[in-house]
Amino acid sequence: MIRNCIDIMSSWLIPLIIMVSLIFGITKKVPVYETFIDGAKDGLKVAINIVPYLIAIITAISMLRASGAIELAQKAFSEVLNTFNIPVDVLPVMIVRSLSGSAVLGIFSDIAHQFGPDSYVTKLTAVMVGSSETTFYVLAVYFGAVGIKKFRHALLAGILADIVGIITAIVIANILFL
Amino acid sequence: MNYIWFFIILISVISAAYTGKIDETVNAIWIGAQKSIEISLYLAGIMAFWLGIMKIAEKSGLVDIVAKLITPFAKKLFPDVPKDNPAIGNIALNLSANAFGLSNAATPIGIKAMEDLQKINKNKKTASNAMCTLLAMNTAGFQIIPATVIAVLAACGSKNPTEIVLPTLIVTTITFIFAIIIVKVLEKITPAQLPEKINNSEKEEVQND
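Top line first, the protein sequences correspond to chains U and X.
No gaps in the numbering here: position 147 of the first sequence is 146 in numbering that gives the first Met the number 0, and each next residue is one more.
No gaps in the numbering here: position 188 of the second sequence is 187 in numbering that gives the first Met the number 0, and each next residue is one more.
Among these hints, one or two may not hold up.
Derived Cβ-Cβ restraints for the label pairs, each shown as a range [as the list claims (entries may be wrong)]: (1) U:77 x X:26: 26 to 34 Å; (2) U:7 x X:154: 16 to 24 Å; (3) U:27 x X:103: 25 to 33 Å; (4) U:47 x X:81: 25 to 33 Å; (5) X:180 x U:146: 23 to 31 Å; (6) U:17 x X:17: 48 to 56 Å; (7) U:77 x X:21: 20 to 28 Å; (8) X:9 x U:7: 43 to 51 Å; (9) X:1 x U:18: 40 to 48 Å.
Result set (EDC-like, lysine to aspartate or glutamate): computed pairs, CA atoms no more than 20 Å apart in a straight line [stated by the list, open to error]: (10) X:58 x U:37; (11) U:148 x X:114; (12) U:149 x X:114; (13) X:118 x X:79; (14) X:20 x U:70; (15) U:44 x X:114.
Treat the hints as calculated values from the structure; they're not laboratory data.
These numbers come from a predicted model, not from an experiment.
Here a beta-carbon is modelled for each residue, glycine too, at the ideal position from N, C-alpha and C.
Could you put the whole structure together from the sequences, leaning on the hints where they help?
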């Protein structure tokens with residue numbers, strides 16, 4: 000029931016925003032077509048501003064993933080993880096979830112196939128992935144768009160919040176699924 | 000950010016040396032660079048469309064109305080932003096789009112909000128407190144329904160793929176609240192923003208606008 004409601008709202012929100020904006024614009028005598036073109040031009044400029052930031056972040060993250068560093072970390076931390084009831088296979092998810100959205104989805108599908116969709120590992124991973132946001136990508140895109148070079152406390156806040164997210168995911172999964 | 004970026008690359012090269020995956024790692028640079036351009040191209044189209052629509056919303060006064068709804072809330076979170084600034088309305092729209100999992104809409108609107116904040120920023124190269132708060136709210140990834148995750152679970156034949164919705168919502172809400180607390184605490188500790196020294200860079204920014 001609730002899910003259906005939210006599904007319907009999710010699919011209608013975009014057309015709703017578009018229609019309300021247009022109807023509002025027309026009634027307030029805004030030249031909607033020309034205004035749209037103006038805004039779209041800005042959008043293209045923003046997209047170009049982002050490119051160097053994206054290249055810096057995405058190449059570094061691809062290198063990290065290709066280098067086998069995550070598998071090494073998995074080996075090194077397996078004992079610590081075991082004491083906290085965390086399956087070793089979840090470690091890559093914990094590392095990658097703040098770095099790359101497509102990568103974390105890949106790892107998640109892999110875990111779901113390997114351990115079965117109703118296993119504890121899969122459910123824990125699902126909660127961890129579902130509550131994640133690619134912090135580094137968001138930082139690169141949002142700050143890149145306006146040319147901010149000094150991030151100040153935004154980076155640390157993002158990383159700390161990610162850690163909080165990981166810990167709560169483990170705690171909640173432990174309570175509900177174990 | 001300088002250190003983190005350096006550190007990611009350093010770790011990559013060291014572990015590549017250890018695992019012998021140096022060729023793969025070097026290859027990943029070219030693939031990554033190519034992928035960045037693909038993402039930017041993909042973003043460019045969506046961004047142009049949404050910023051076009053958002054400009055209409057802004058000119059017609061719609062953003063102001065949305066802004067008024069969350070003003071009491073926004074005043075506390077963004078004390079430095081004047082309440083009639085379009086940033087507040089755009090932040091509200093950005094957060095709601097994120098909550099509904101509409102990242103295609105959320106990102107361009109969030110960037111629009113960032114641009115509004117940049118206009119009232121004293122130092123154009125350094126993030127203002129308001130900018131850091133907006134980012135923390137976005138990186139926390141608040142979402143009501145994790146649609147992609149449910150899709151993967153369903154595709155793998157889960158008995159009850161929506162079982163994870165509530166736990167995810169709990170986690171994401173807690174994270175979101177903590178993100179705001181963390182960013183507000185860090186704001187007090189971090190050295191204040193320095194005013195801009197060189198005028199040249201400011202001129203450059205104005206031209207870009």
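Comparing the hints with the structure gives:
{"no.": "1", "hint": "U:77 x X:26: 26 to 34 Å", "in the structure": "holds (28 Å)"}
{"no.": "2", "hint": "U:7 x X:154: 16 to 24 Å", "in the structure": "holds (22 Å)"}
{"no.": "3", "hint": "U:27 x X:103: 25 to 33 Å", "in the structure": "holds (26 Å)"}
{"no.": "4", "hint": "U:47 x X:81: 25 to 33 Å", "in the structure": "holds (29 Å)"}
{"no.": "5", "hint": "X:180 x U:146: 23 to 31 Å", "in the structure": "holds (29 Å)"}
{"no.": "6", "hint": "U:17 x X:17: 48 to 56 Å", "in the structure": "holds (52 Å)"}
{"no.": "7", "hint": "U:77 x X:21: 20 to 28 Å", "in the structure": "holds (25 Å)"}
{"no.": "8", "hint": "X:9 x U:7: 43 to 51 Å", "in the structure": "holds (49 Å)"}
{"no.": "9", "hint": "X:1 x U:18: 40 to 48 Å", "in the structure": "holds (45 Å)"}
{"no.": "10", "hint": "X:58 x U:37", "in the structure": "holds (11 Å)"}
{"no.": "11", "hint": "U:148 x X:114", "in the structure": "holds (14 Å)"}
{"no.": "12", "hint": "U:149 x X:114", "in the structure": "holds (16 Å)"}
{"no.": "13", "hint": "X:118 x X:79", "in the structure": "holds (12 Å)"}
{"no.": "14", "hint": "X:20 x U:70", "in the structure": "holds (12 Å)"}
{"no.": "15", "hint": "U:44 x X:114", "in the structure": "holds (12 Å)"}
Consistency with the previously given hints is maintained throughout, with no hint failing.
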